[in-house]
Amino acid sequence: MLKPAMLTLVIGLLLIQPMNISAQTASGAKQVWYQAKEASRAAQEALRKANLDYAASKTEANNQKVIDSSKAALKAALDEAEAWLNWVELEVKENPEVPTDLKDVIRQDVASNLAKIVVLRGEVDAVQNRIQLATVFLKMVGKYLEVVSDVARNTGLVWVHMADSYASTIEEYEAELRGKAVGSTNEKEILAKLDEAKGGFAKARTNIDSAEAEYLQVKFPGNPILRFSNGNQYLRIARNSLLAAHSSLRQAYRLLMGGG
Amino acid sequence: MPDKRGLVLIGVALLALGVGATMMRRAGESRRLSFSESDLQVLEGKLQGFKVEDLGGLSGSASSLNFGEQELDQIGLKIDGLSFEDLEGLSSP
Numbered sequence: 001m002l003k004p005a006m007l008t009l010v011i012g013l014l015l016i017q018p019m020n021i022s023a024q025t026a027s028g029a030k031q032v033w034y035q036a037k038e039a040s041r042a043a044q045e046a047l048r049k050a051n052l053d054y055a056a057s058k059t060e061a062n063n064q065k066v067i068d069s070s071k072a073a074l075k076a077a078l079d080e081a082e083a084w085l086n087w088v089e090l091e092v093k094e095n096p097e098v099p100t101d102l103k104d105v106i107r108q109d110v111a112s113n114l115a116k117i118v119v120l121r122g123e124v125d126a127v128q129n130r131i132q133l134a135t136v137f138l139k140m141v142g143k144y145l146e147v148v149s150d151v152a153r154n155t156g157l158v159w160v161h162m163a164d165s166y167a168s169t170i171e172e173y174e175a176e177l178r179g180k181a182v183g184s185t186n187e188k189e190i191l192a193k194l195d196e197a198k199g200g201f202a203k204a205r206t207n208i209d210s211a212e213a214e215y216l217q218v219k220f221p222g223n224p225i226l227r228f229s230n231g232n233q234y235l236r237i238a239r240n241s242l243l244a245a246h247s248s249l250r251q252a253y254r255l256l257m258g259g260g
Numbered sequence: 001m002p003d004k005r006g007l008v009l010i011g012v013a014l015l016a017l018g019v020g021a022t023m024m025r026r027a028g029e030s031r032r033l034s035f036s037e038s039d040l041q042v043l044e045g046k047l048q049g050f051k052v053e054d055l056g057g058l059s060g061s062a063s064s065l066n067f068g069e070q071e072l073d074q075i076g077l078k079i080d081g082l083s084f085e086d087l088e089g090l091s092s093p
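If you're matching them up, the sequences are chains A and B in order. When we follow the working numbering, the leftmost residue of the first sequence carries the number 1, and every step to the right adds one. When we follow the working numbering, the leftmost residue of the second sequence carries the number 1, and every step to the right adds one.
Rather than coming from a laboratory, the hints here were simulated on the basis of the structure. Each hint should be verified, as a subset may be incorrect.
To be verified - What follows is a list of derived Cβ distance ranges for each label pair:
no.	chain 1	residue 1	chain 2	residue 2	range
1	B	Gln48	A	Lys58	58 to 68 Å
2	A	Asn240	B	Leu15	24 to 34 Å
3	B	Lys46	A	Gly122	40 to 50 Å
4	B	Arg5	A	Arg178	46 to 56 Å
5	A	Glu187	B	Gln48	25 to 35 Å
From the three backbone atoms N, C-alpha and C, an ideal C-beta is built for every residue, glycine too.
Make the full structure from the sequences, and use the hints.
What follows is the structure, encoded as structure tokens:
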């Protein structure tokens, strides 16, 4: 008969196997991330409890318990960040709308951040007292902002690419309709609608360019959150302009086809 | 001669039909586009679904390309997850 410990090990191995396979897809990686998130929360709860125990009784044993559970919480946070980065990379990789060059940039950023996590994990392992713990914690906060900045910048650039491709499609449709509208019975009316569409996507292009400029400034140190927010504002204006341009385009299309 | 006149009439009629058909075809071709109204609908759907979210956190339950505001609070590695209070003793090592 298998002993309980052996049985646990076997079950554990059986559970780990499909997890590794599923982590090869974005949806699988997302599940792994959720699990890491749960583990991180549990580690933080254990740290909170250790702190309460230490506050109640400042013994050396309780002090050591705070250090150990802090280390466990930091490691769990690193595991969570690692799982999250893996998911981000796979999601982008599976997205057909993201161009290859941008995918490469994101892959490199993720790899660089994963390498930082490996270094930090080693530093957490080496922590022996509260001073070292505080130092590593502060370092992790800095690295966390770097990770957030990298992902925000890349996300913004993916959005810029998508908005740009929508603007290009509208631009192509507009040019084609304009060519066909010449000589048609309601040429004047159609051209007026197409002029509106043209104005819309020109405005969108200006805002998309501004958004890109802002997103490229999403770096730490700097003011990444503000830059990201600015980029988003430009992109929202661009989206509204594209929707307005699309509406004019559709009206022009119907006029040309005799349905307007 | 009646036969000759009949042939001429048939010829004229055929010519008229041919010219008419050509004109109709040209009119149709002049309106033919490389895209249809359903392509416009698809594009509109993409634009409607194109959401730009503010930086709330390193997450987004729907997509990694969406940052959900609430989810920043959920991430374990949030900055205030481990506060300085947790590191008490720093001032008196």
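Sort out which numbered hints this structure fails and list those numbers smallest first.
-> 2
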